[in-house]
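Protein sequences, first through last, are from chains A and B. Residue numbering for the first sequence follows the working numbering, beginning at 128 and increasing consecutively. Residue numbering for the second sequence follows the working numbering, beginning at 128 and increasing consecutively.
Hints in this document: simulated from the structure, not taken from any laboratory. Treat the hints with care, as some may be off.
Non-contacting residues of chain B with respect to chain A, defined by C-beta distances greater than 10 Å in every case (computed) [unchecked claim]: (1) Pro154; (2) Asn163; (3) Arg178; (4) Glu181; (5) Ile227; (6) Glu275; (7) Leu333; (8) Ser334; (9) Ala345; (10) Arg448; (11) Ser468.
Reference excerpt, derived from the structure (chain B facing chain A, CB under 8 Å, subset only) [to be verified]: (12) Val272; (13) Val294; (14) Ser351; (15) Arg353; (16) Leu357; (17) Arg373; (18) Gly385; (19) Phe388.
We put the beta carbon where it would ideally sit given N, CA and C, even for glycine.
Protein chains: 2
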Amino acid sequence: MKKVELTDREERILRSIIECHIKTAKPVSSSAVVRNRSVPVSSATVRNVMRSLEDKGLILQPHTSAGRVPTDSGYRYYVDNVMEPRDLTDQERADLEGGIVGLATGDLGAVVAGVSRMMSDFARQLAVTVAPSGERELIEQVKLVSLEADRILAVATTRAGLTRSAVFELGRDEVGGSLADAAALVTEWLSGTPVGDAERTMKTRLSAVPEPTRRVIAALLETSPRLFRLRGVERVHYEGARYILRHPEFSHSAAFIGEIFDDEEALAELVKGRAERGGVSVTIGEENPKKEMKRMSLVVGSYRIGGTFGQMGVIGPTRMRYGRLVGLVDYISEIMDELFSEGGRRTRRSSDEAADGDRG
Amino acid sequence: MKKVELTDREERILRSIIECHIKTAKPVSSSAVVRNRSVPVSSATVRNVMRSLEDKGLILQPHTSAGRVPTDSGYRYYVDNVMEPRDLTDQERADLEGGIVGLATGDLGAVVAGVSRMMSDFARQLAVTVAPSGERELIEQVKLVSLEADRILAVATTRAGLTRSAVFELGRDEVGGSLADAAALVTEWLSGTPVGDAERTMKTRLSAVPEPTRRVIAALLETSPRLFRLRGVERVHYEGARYILRHPEFSHSAAFIGEIFDDEEALAELVKGRAERGGVSVTIGEENPKKEMKRMSLVVGSYRIGGTFGQMGVIGPTRMRYGRLVGLVDYISEIMDELFSEGGRRTRRSSDEAADGDRG
DNA sequence: CCTTAGCACTCTCTGGACGAGAGTGCTAAG
DNA sequence: CTTAGCACTCTCGTCCAGAGAGTGCTAAGG
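The whole structure should be built from the sequences, with the hints applied where relevant.
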């Protein structure tokens, strides 16, 4: 890819075209650029510059006598060199942080679903979230709580501060007083073990345990798929499909959008691939490997829970507000990282104090 | 509404038109009906019958020289008098039941989300679920579990067998040994109380409690919104927006579908209104009070958790497979009702045995 | 009286022609 | 290098004609 150099005036005009096109969704004429007062020249001069921008592949005309529309390369130049990631307002930041903090003690599925929802409502775009596999999260402890009748609630907490829980049934006469023993033993086995290894570890150690504790652990082991495995379906989460239907570029032929949703695994891979380097990554139109995505852009960031990374981002038409979305995704991934890092608990508690404002 | 009477032949032809139109999405010609072999007459005779059906308002021609398309009244007659709710296959029943049973111990939000997902995948339509308010569910007991560091997990179980949980923080020195006391006390207060009254009850009783138990309950009370309140956003759940985009009738102008999603409250009211009588209710096209829904049909059923009803159903174009969808919604609401009724636990446990087959 | 073959009729759909409008590219002057 | 002026090109909407689909009607047959 050849590095494109633009003069200051070219850049201003490119910017004006892109920002006007993002607002109106229509080709931008030379006179519209002049009307924007972004450059103090006539429309004829703007036309000359436009021709030069077109030669460089940054804009194009849908047809001979139309205004100009940004190309994918044009958006790329804009994202790399022109736009400034737009900061969120204090109010927006507070809303986001409050919402995410409220989710942070639940299980991974709830976190992912909640973040998707908030992100899509803020961005007014389709949001997609990929949960980290969770298999490499380290278990902190396991508790067993006797509920009413014969039901037992198993709760596992992880080093990142998340909880997973599952209910199973076991006759009261079978349990006796061995619930606490069983929980202590399992915690001893699993503390510091990755979630993904939990089942295997329990299985190998089980034989050495005397009854009646053994019976309890055996029942727990049967439930453990629900406790320790994250089903594929829970790993990818969409929210805000309605926003995509709003865009005039898709209101006519919306059928192909359905295709994007269909192959969840493929899209998850796509999102993961783009975000692995850390930071916020923007993928524009034709840069997407997936055919259905050639007319869409993707803004993704990553976050880390336990040992593994999750990704989240927004999907919309190439004509999207990159500045704002990059700012949004960046801020959300920052919150998530702080919240689920090893020292995350401190951050989490201090969020209540943050409501008082920064007087320190 | 005047009761429409049809001869046997008229009914067969109506049926043929509707079922053919559901398959092809195109107007059905007289010769297409003859080709279906549903009646042993010529196309001219079919045309005469069609005219009579058209006079009765059951079908219409989009334009003079086109075939016939069912009207909303036509679908209504078909649903009321012609179609038979199609039974699911044994495999489908087993899949559905297994899936729902797996959800039945989580919190209400997870149940609602999971059922939406399964329903939309089975129906290949947009599914919408309204959770019961949950305020009138009766609390069974409250447990407090000390997790690592200063975190405490509060778990409430309800008579219907659902669990709700929330994590809060409290300094270890502040808790002392009073966690069990606090839980026992709160359980005593709340057992048999509706979830909606829990906060108030706790608040009035708190003053009489001595330290240090009081401090624990005060902290629990602060968390109780997360434990006992279901946020509005969690009450309505959509899943499967992608299916709606597939339908040829919407692939052109998809924007208005976004409108349906926007006003969640209004749609929740609509769904609730239709399902209150119990059983499966079908609402077709113009029968819908909401403007955006005039071209859509709605198949809803209700289920009961604790004292209140929830609703769930599918939304699609009027051209939908009513027979199959009514069968599906009916079966799902049946499972839900069994699972969350007072005697539900037995059903739940017996689901493991059901895997062995019915030998009794 | 019901059914059916035959035929004229009506309406949509597609493609081409045409004028209006928008916006450009070019040229020549400042 | 910038700009005013003008010719040029392309889209979009409308209009029109021909083809095709499917009906409604009529008259003959059972």
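Can you verify the interface hint for Gly385(B): is its Cβ closer than 8 Å to any Cβ in chain A?
4 Å, holds
Hey, does the Leu357(B) contact hint survive, CB to chain A under 8 Å?
13 Å, violated
Checking the smallest CB distance to chain A, is Ser334(B) really beyond 10 Å?
Holds, because the least Cβ-Cβ distance between Ser334(B) and chain A comes to about 24 Å, which exceeds 10 Å.
Go through the hint on Arg373(B) and say holds or violated, using the shortest Cβ distance to chain A against 8 Å.
5 Å, holds
Beyond 10 Å on every Cβ pair: is that true for Glu275(B) relative to chain A?
Label violated. Min Cβ-Cβ 5 Å, cutoff 10 Å.
Cβ separation check - Asn163(B) to all of chain A, threshold 10 Å
At about 28 Å from chain A, Asn163(B) clears the 10 Å cut-off, so the statement holds.
Hey, is Ala345(B) genuinely clear of chain A, shortest beta carbon separation above 10 Å?
The claim stands: Ala345(B) keeps its Cβ more than 10 Å from every Cβ of chain A (closest is about 15 Å).
Decide, holds or violated, for the assertion that all CB atoms of chain A are farther than 10 Å from the CB of Ile227(B).
14 Å, holds
Restraint satisfaction for Phe388(B) [CB to CB of chain A, less than 8 Å]
4 Å, holds
Over 10 Å from every CB of chain A: does Glu181(B) meet that, or does the non-interface label fail?
Answer for Glu181(B): holds, closest chain A Cβ roughly 31 Å.
Assertion that Pro154(B) lies outside the chain A interface [Cβ separation over 10 Å]:
21 Å, holds
Can we keep the Val272(B) interface hint, with Cβ of chain A closer than 8 Å?
5 Å, holds
In summary, the structure is inconsistent with hints 6, 14, 16 from the numbered list given earlier, while agreeing with the others.
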